[in-house]
Amino acid sequence: MKILVCITHVPDTTSKIQFTDNNTKFDKNGVQFIIGPYDDYALARAVELKEQLGASLTVLNVGEAETEPTLRKALAIGADDAIRVNAFPKDSLFVASQIAAIAKQNNYDLIMMGRESIDFNGGMVHGMVGEMLGIPSVSPVMKLEIEGDSVKMAREIEGGKEYLEAKLPLVAGCQEPIAEWKIPNMRGIMSARTKPLQVIEPVTDQTATEVTNYQLPPAKGAVKLIDKDNVEELVKLLKNEAKVL
Amino acid sequence: MSVLVYIEHADGSVKKTSLEAVSYAKALSDKLGAGEVIAVALGSIAQEELAKAGHAGAAKVMHVNDEKLNAGIIQAHAEAVAQVYRKVGAGTLVLAKSSLGDAVAARLAVKLDAALVSNVVELPETGSGYKVKRSIYTGKAFAETSVNKDHKILAVKKNAVDLKTDGAAAAVETVALDINADNFATKIISTDKATGEVLLPEADIVVSGGRGMKGPENWGLIEDLAKELGAATGCSKPVSDIGWRPHHEHVGQTGVKVAPTLYIAVGISGAIQHLAGVNSSKCIVVINKDAEAPFFKAADYGIVGDAFEVLPKLTEAVKALK
Chain A
3 MKILVCITHV PDTTSKIQFT DNNTKFDKNG VQFIIGPYDD YALARAVELK
53 EQLGASLTVL NVGEAETEPT LRKALAIGAD DAIRVNAFPK DSLFVASQIA
103 AIAKQNNYDL IMMGRESIDF NGGMVHGMVG EMLGIPSVSP VMKLEIEGDS
153 VKMAREIEGG KEYLEAKLPL VAGCQEPIAE WKIPNMRGIM SARTKPLQVI
203 EPVTDQTATE VTNYQLPPAK GAVKLIDKDN VEELVKLLKN EAKVL
Chain B
96 MSVLVYIEHA DGSVKKTSLE AVSYAKALSD KLGAGEVIAV ALGSIAQEEL
146 AKAGHAGAAK VMHVNDEKLN AGIIQAHAEA VAQVYRKVGA GTLVLAKSSL
196 GDAVAARLAV KLDAALVSNV VELPETGSGY KVKRSIYTGK AFAETSVNKD
246 HKILAVKKNA VDLKTDGAAA AVETVALDIN ADNFATKIIS TDKATGEVLL
296 PEADIVVSGG RGMKGPENWG LIEDLAKELG AATGCSKPVS DIGWRPHHEH
346 VGQTGVKVAP TLYIAVGISG AIQHLAGVNS SKCIVVINKD AEAPFFKAAD
396 YGIVGDAFEV LPKLTEAVKA LK
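Taken in sequence, the protein lines are chains A and B.
Last residue of the first sequence: 247 in this note's numbering, with the numbers rising by one and none dropped.
Last residue of the second sequence: 417 in this note's numbering, with the numbers rising by one and none dropped.
Honestly, I wouldn't trust all of these hints.
As the list claims (entries may be wrong) - DEER-style ranges, computed between Cβ atoms:
#	chain 1	residue 1	chain 2	residue 2	range
1	B	ALA386	A	GLY223	15 to 25 Å
2	B	GLY224	A	GLN20	37 to 47 Å
3	A	ASN108	B	GLY315	52 to 62 Å
4	A	ASP229	B	GLU318	23 to 33 Å
5	B	LYS417	A	GLU167	42 to 52 Å
6	A	PRO219	B	GLU318	52 to 62 Å
7	A	LEU55	B	GLY338	22 to 32 Å
8	A	PRO179	B	ASP257	33 to 43 Å
9	A	ASP151	B	GLY184	36 to 46 Å
10	B	GLY315	A	GLU243	27 to 37 Å
11	A	GLU234	B	GLU318	17 to 27 Å
12	B	ASP261	A	PRO219	28 to 38 Å
Hints listed in this document are in silico derivations from the structure and should not be mistaken for laboratory results.
Model, not experiment: these values are computed from the prediction.
Every residue, glycine too, gets a C-beta built ideally from N, C-alpha and C.
Build out the structure end to end from the sequences listed, making use of the hints.
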C-alpha cells in the first residue's frame, strides 16, 4: 500500500493579504507559511492509515526551495519521504500535471490532498489528477476507511453528507473532520532531518491561466451602532436602508 | 459557439446558485456574442423545475433523464457534461462554484482541454486577451486571471451576479447518453441530509452563533430568529469543535464559505478565519456584548449587548415586520 499526500505551502490563516510590484506579486513580508489546513487534515489521516495498514507515505509539494521547511514539517508529522517538484506552482493545471506524472511512475494506491488550497481556493487539483490518471476522484471527503482494496468514505454535500464506496486507486480531496491535525513531536522533528527529500524538475510547462493583477476589496465603511434597547431600529434599517429584508 | 451551463439540483429542485450561473451565462453571451445559452440537467427533474433555467436566461435545456445520474457521482457527471458539451458544440461551460461543481469542473477541464477559472465574480474582459476576475485568499483579495485556452470553464461564485427570472420558457430536449460503467465506479451507499432546513451554502440569510451563546441548549434563540427570517443557521469553528453544533454548520476559512445577502453574527468575536468565510456577504450585522470585538470593524450594523436579551427582542421585531 502506497499513499501520496500532496501539500500546499500557503500563508497562515491569520495573514494580512497584501501585494507588491504594482499589485502583481504576493507580499511575503512578515507572512508565515504553513501546510495548507485542508492538506494538514489529509496528512493526519494518511499518517493514521500508514500506522494501521503498514503503508508507505510520501509527501509531495510543487514549489521552489523555500517550501522545504513545510515539507520537513510533513516528514516530522509522519511521512516517510518527500518529493519537491522544483517549480513555482503556476496554476492548477501545472500542479496537477506534475502530480499525475509522479503518480504514473510510482503507482500510488491512494492520493490524498486538501479539498482546496487556502490561497487560490480553486478546489481543482484532485479532480484534474483523477482525470489525468483515469481513476476516481472524490471530494470533499470527511471520513475515509480502507478495507482491502475498498475505500469507504463520507463526502460533504450541501446540508449533510453522503456515504460512498470505491476501489483503490483513488484521489481524495479531504477536509475536517477526517482526522485531528497532528503536531510533530521532538522525535519526529529529529528524524525528519534525515528522511529523504528528493528534488526533481517539472515534467511540463503546461498552464491554462495566468494571474495578471491582484486587487484588494474596497475598505469597509464604519459600523452603524444601534442601541440594544431599540432593536426595531435595526430591523427598519435592514429593510429600508440596506434593503436586505 | 454556444455557452453550456451545468445545472445542479437537490432531489429534483434546481439550485438557485445554478440559476445564477445561467443568468451569468446569458449576460456573458450578450456581452461577447457567444451564441445561445444551453443548460444541461442530469437525473430526474420535473419539467417545471427545468423551466426555471429558461426564466433565468437559457434558450434550451438538454435533459439527461437517467436516474443513475440523480446521485452526484463525480466521474459520471463529468462524462455526461463532456458529451453534451461536444454534442452542442459549446465553447464555454459555466457552472456554480460548489462542492460537486468544483469536483466535476476539474475533471471536465482535463477532458475538454479547457481553462478552468473558479470563484468568478465578474463577466470577462476581452479588450486585451480574455481576463476574468476571481475571488482568492478566501475572499480577502481578487485576481485578474488571463485565460490561454480556447475552451473555457467558469465556476461562478454565489451572489456574484443578479439572478434573472423574467426570461422565456426554454425548450427542453431529452438526451440519451452512453456512459461507460467505469464512470460509475464510485458507489453512493446512503445519504444523511438535514431536512426541512434552509441549506447554509445556498441561504440568502444566515444567523450564526459563537461561544457567546454559552452552550448548545441556548441555540433555540438562534433558531427562532432564523425561522422568522427564513434563514440558515451557522456557527463559529470553536462551537463546532466542541460539538455544540454539527461540522456542516461551521462557517469560516476551513468550513463553509457563505455569501448571503444578510449575515447576522451573534456572540462571535470575529477571528480572521471566521471573517474570511463571510466577507462576501452583502450586509453583516454583529451582536456582541464586547464592544471591542473585532467583528464590529467588518460589520455594517452592530448592537453592543447581551445575546440573551437582544435575540428575543430582535425575533419579535422581525415578526412584527410581517
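Taking the hints in turn, this is what the structure says about them:
{"no.": "1", "hint": "B:ALA386 - A:GLY223: 15 to 25 Å", "in the structure": "holds (18 Å)"}
{"no.": "2", "hint": "B:GLY224 - A:GLN20: 37 to 47 Å", "in the structure": "violated (26 Å)"}
{"no.": "3", "hint": "A:ASN108 - B:GLY315: 52 to 62 Å", "in the structure": "holds (53 Å)"}
{"no.": "4", "hint": "A:ASP229 - B:GLU318: 23 to 33 Å", "in the structure": "holds (25 Å)"}
{"no.": "5", "hint": "B:LYS417 - A:GLU167: 42 to 52 Å", "in the structure": "holds (47 Å)"}
{"no.": "6", "hint": "A:PRO219 - B:GLU318: 52 to 62 Å", "in the structure": "violated (31 Å)"}
{"no.": "7", "hint": "A:LEU55 - B:GLY338: 22 to 32 Å", "in the structure": "holds (29 Å)"}
{"no.": "8", "hint": "A:PRO179 - B:ASP257: 33 to 43 Å", "in the structure": "holds (36 Å)"}
{"no.": "9", "hint": "A:ASP151 - B:GLY184: 36 to 46 Å", "in the structure": "holds (40 Å)"}
{"no.": "10", "hint": "B:GLY315 - A:GLU243: 27 to 37 Å", "in the structure": "holds (29 Å)"}
{"no.": "11", "hint": "A:GLU234 - B:GLU318: 17 to 27 Å", "in the structure": "holds (21 Å)"}
{"no.": "12", "hint": "B:ASP261 - A:PRO219: 28 to 38 Å", "in the structure": "holds (30 Å)"}
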